[in-house]
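Student: Could you fit the two chains together into a complex? Lean on the hints.
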Amino acid sequence: MSKLLSTEFYKICRKFVTILIITIAFSVTGAFVSMSATGTVYAGMNMIFCMFGLVFCGMTGLFISQDFVNNTIRNKLIIGHTRFHIYLSYQIVFAVLAFLMTAVFIGIYILSGKLFSGVEVFQEGQPTPDELKIYRENFFKALPVYLVAVPALTTLGVFISMTLKNSLGGVVTVITAYTLNSLPLLDVISPENKLFAFINTVLPSSQIYLMEKFSAESDFSPLKYILISIAFAVIMFMLGYAIFRKADLK
Amino acid sequence: MDYVLKTNALCKHYRHFKALNGVSMHIPKGAIYGFVGKNGAGKTTLIRLICGLQYPTSGDFELYGVKNTDKAISGSRSRMGAVVETPSVYPNMTAEDNLKMQYRLLGMPSFDGIRELLKLVGLENTGKKKAKHFSLGMKQRLGIAIALCGNPDFLILDEPINGLDPQGIIEVRELILKLNRERQITVLISSHILDELSKLATHYGFIDSGRIVKEMSAEELEQACRKCIHMTVTDTKILARVLDGMEITYKILDEKTADVYAKPNFSQLALALSKENCEVISMEEHDENLETFFVNLVGGAVHE
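Residue numbers (the numbering used here), protein chains in the order written: chain L, 757 to 1006; chain Y, 5 to 308.
Bound conformation, chain Y alone (with noise of 0.2 Å):
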């Protein structure tokens, strides 16, 4: 699988406190990788040491295959874009010259193309308003068109849809999907509301304390957090062997443990495998959502 993002053991101590504590993460080409975590679990000093914003205290990164030690590092992070917490804007310019000062910085040889950018993120009709009386919105939007200046394969958003009204969720949330389907845009997106990412997400990344916790595909979470029957018995074998004989789907754990994925008649279930000398210990219904995974996999309450 190629991969635009690969961390190794990532490091980030700020004198006694360890921010980072190891993170290795793999974002693969292609995807809108949902990054979850609690405040302060080390999102943001992440996509700080991405973005050059600041250096590792040890570990390495690799961006496009190219090392974070190596020169050839500036010339991957031109394929970048990010909106970093709050969006870098110049509060004195309107939303078009914002977007010609970052041309400007790419050295692009013309300004086509700003109008397109602006229609993208819907800000074409803000005419001379300044960004510094743009709604938090707005702003927001404009530090996505920012990012997006000189099309970047690989786009980086601190929670983008921190105070946001639902309109302008569902908006940055069309943009997101829009920018994947249509231009094959990677997106790396950290964001506490799990309702929303879910929406969006093809792979997970859940960090806590500064540790990846947890990586997986949203095909992956899907299957974890299905509705299922999660059983104990005496003997999975012959239960196996009883849920083939009723056409049950189901996932064999362990010896013990297994999750059935359908609600079957459980005195027909219990009497089939009695017959066979299996006991039926225990029986849970079995029904999470990213939410309730995400608080089970750290171990405790999502901050908000």
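Just chain L, same shape as in the assembly (with noise of 0.2 Å):
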């Protein structure tokens, strides 16, 4: 398993700079949206921040299907790798570097907020001093919500490249990343439908629109959303193992 993580973490290091480019390139214009938008980095989670989950779910499944591709993952069971320890591999691989670079994500975020203080903002009028409080507690509070949510969509990348097991597994991954993307609109159109809502609270990129949604409120609570991430992330392992567990390879 260690040498599993080695070779994956190694794998992942050369592509390091332009992951940390992505990165710093999401939080900036976030925090330029947010300020030209509120006046203020810390009111809510705006779609930049959903965005950024989603692309590293799509980077994810883009990543791992090049080992379909190039048939690298015969290398790993030829020598005697187990399926369970290469799929748990990547997972905590992906799952660590999303952690790592959503916490990079909000560090830059919130510097930047201060770089953009002078930026016109769009809203009428600066948020107050009682509001910016409000604004600036939930963010926090949300801030371990996002730290999970990030994390918890890569197990849908994992899940779907290693389901596919071709070159589709990453297109299929940056598709449904897209598509995710856009379900929190389903609460906009129809905010009565229970299906709907029910969708978009289980799903940890929508969670994160729902983070916004909660930033004025003073009674919002974290946990349950953190459950729901790990559930989500703990659904995708096992059904997608269960899947690669059997599967045919070439």
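For the record, the hints were derived by calculation from the structure and aren't laboratory data. It is possible that part of the hints are untrue.
Claimed, not checked - Straight line, CA to CA, 35 Å or less: simulated DSBU-like cross-link-like pairs of lysine-lysine:
| # | chain 1 | residue 1 | chain 2 | residue 2 |
| --- | --- | --- | --- | --- |
| 1 | Y | LYS218 | Y | LYS260 |
| 2 | Y | LYS33 | Y | LYS218 |
| 3 | L | LYS1006 | Y | LYS133 |
| 4 | Y | LYS182 | L | LYS1006 |
| 5 | Y | LYS182 | Y | LYS231 |
| 6 | L | LYS921 | Y | LYS104 |
| 7 | Y | LYS134 | L | LYS921 |
| 8 | Y | LYS255 | Y | LYS279 |
| 9 | Y | LYS71 | L | LYS921 |
| 10 | L | LYS759 | Y | LYS10 |
| 11 | Y | LYS123 | L | LYS921 |
| 12 | L | LYS1006 | Y | LYS75 |
| 13 | Y | LYS134 | L | LYS1006 |
| 14 | L | LYS1006 | Y | LYS104 |
| 15 | L | LYS759 | Y | LYS134 |
| 16 | Y | LYS104 | L | LYS767 |
| 17 | Y | LYS132 | L | LYS921 |
| 18 | Y | LYS123 | L | LYS767 |
| 19 | L | LYS759 | Y | LYS132 |
| 20 | Y | LYS133 | L | LYS921 |
| 21 | Y | LYS10 | L | LYS1006 |
| 22 | Y | LYS132 | L | LYS767 |
| 23 | Y | LYS123 | L | LYS1006 |
| 24 | Y | LYS71 | L | LYS759 |
| 25 | L | LYS767 | Y | LYS134 |
| 26 | L | LYS771 | Y | LYS123 |
| 27 | Y | LYS218 | L | LYS1002 |
| 28 | L | LYS1006 | Y | LYS22 |
| 29 | Y | LYS42 | L | LYS921 |
| 30 | L | LYS1006 | Y | LYS33 |
| 31 | Y | LYS136 | L | LYS759 |
Tutor: Okay, here's the thing in structure tokens:
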């Protein structure tokens, strides 16, 4: 297992600069969007937060599908690595990377807020000190949800790419991520629909949108959403491994 | 005899298609086992099962005495290297980096030996050239080098000379022979190019329609393919007595047929047999090579 982990981490490290640039680009853009719209970086998690999580999901699928395209996954099986260890190593590597990059994203996002402190606010007036206090409190309360939701989304990328086992894995993951990005709109179109509400509650990507909705509420509790993200990740892992365990590889 | 691999009635079905239908094969330790079969006969499917890429529908196999259903099979597989169909390489990495990746997967403590491996397969001068720019032969040799990481005792090569130029074929052949003789590596090699296989193999397994039709050693095959006169007579006991008298080697096949491994004076032989009241019913020259032997065995044309 440690051999697989070190190999996968090494592979990721080769792409680290690209991943870091993507992360910085998203966080700076997110800060600019938030500052220009609300005058503060703490007024909820805007669409850039969700997009960042989904980009990570897509990236996971693209990375893993390369192992199937090049057939390099064979090299692991032939020398005796078990399918469980192979699946788990992918999952650990991408979840850890997602967690670290999310932390970097948030750090740069907050710092960038200071950079853009002078940008024109499209919303009428700056938030009051009381509003700002609630925003800030809720933002930091929502951070653990975000730090869990993004790694949880990588389980979807691993699931799709390990199930399809070819170049389609990467493409389908990206398409799925794009589709998920638009699902929170269902809630806007039809706020009374219970099914839409349920879908948006259980999907980690939609939960990030919910964090924006709750940013002004004083009794917001993040624990429920963290647990849902963990449950989502566990179900995706179990389902993905169950399929991969019996799959015929070329 | 010690066997590296033994399969027992191995079956693999894809819905209604039976890719393997009760394959039982035995690969002795230290052998170069030539695995011969038409396209679609089941060669690659069997190799995939052994490598753990697929699971058998029924039957089992033993690798170094460990059953495939046993958890310890992972340990046995770590003693194995394989190139299945196309070489599995990272196209954006150099030959050296590809080997380093395999070393990491194997948990090797250092990268010592990579230079030697590259030299062994003739890729020591590829420098910073990425694998995606390699020729097919170079990729094939890189695939073999990856399979050789960790000093395996058992090497599986699926069609290793496919697409290689004549020089490449010679190089791969010499490499396989060198590995077998100098490092005592047991090799399972599947190939369509029977003439090439006959220059390497010490044992053969012939597969057709998912079944092993025959397993034999190179000596047995040589014996079967030996140039001879196939004779049908009324009594082979008399024939044997006459041939002994003429000091000619032969093999009695049954009461009426025998193979005679020389060209005797047929008039003298016929006369001697006639004196003993033995009639010659037919005589035909028998001259087979691996290709014709295989065609006769599976009863069809060889598909290249």
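Student: It remains to establish, for every hint, whether it holds in the given structure.
Tutor: Outcome of the hint check:
no., hint, verdict
1, Y:LYS218 to Y:LYS260, "24 Å, holds"
2, Y:LYS33 to Y:LYS218, "19 Å, holds"
3, L:LYS1006 to Y:LYS133, "27 Å, holds"
4, Y:LYS182 to L:LYS1006, "29 Å, holds"
5, Y:LYS182 to Y:LYS231, "30 Å, holds"
6, L:LYS921 to Y:LYS104, "24 Å, holds"
7, Y:LYS134 to L:LYS921, "24 Å, holds"
8, Y:LYS255 to Y:LYS279, "22 Å, holds"
9, Y:LYS71 to L:LYS921, "27 Å, holds"
10, L:LYS759 to Y:LYS10, "29 Å, holds"
11, Y:LYS123 to L:LYS921, "34 Å, holds"
12, L:LYS1006 to Y:LYS75, "22 Å, holds"
13, Y:LYS134 to L:LYS1006, "24 Å, holds"
14, L:LYS1006 to Y:LYS104, "23 Å, holds"
15, L:LYS759 to Y:LYS134, "24 Å, holds"
16, Y:LYS104 to L:LYS767, "11 Å, holds"
17, Y:LYS132 to L:LYS921, "30 Å, holds"
18, Y:LYS123 to L:LYS767, "25 Å, holds"
19, L:LYS759 to Y:LYS132, "25 Å, holds"
20, Y:LYS133 to L:LYS921, "28 Å, holds"
21, Y:LYS10 to L:LYS1006, "22 Å, holds"
22, Y:LYS132 to L:LYS767, "18 Å, holds"
23, Y:LYS123 to L:LYS1006, "29 Å, holds"
24, Y:LYS71 to L:LYS759, "24 Å, holds"
25, L:LYS767 to Y:LYS134, "16 Å, holds"
26, L:LYS771 to Y:LYS123, "29 Å, holds"
27, Y:LYS218 to L:LYS1002, "31 Å, holds"
28, L:LYS1006 to Y:LYS22, "17 Å, holds"
29, Y:LYS42 to L:LYS921, "28 Å, holds"
30, L:LYS1006 to Y:LYS33, "27 Å, holds"
31, Y:LYS136 to L:LYS759, "25 Å, holds"
The structure agrees with every numbered hint stated previously.
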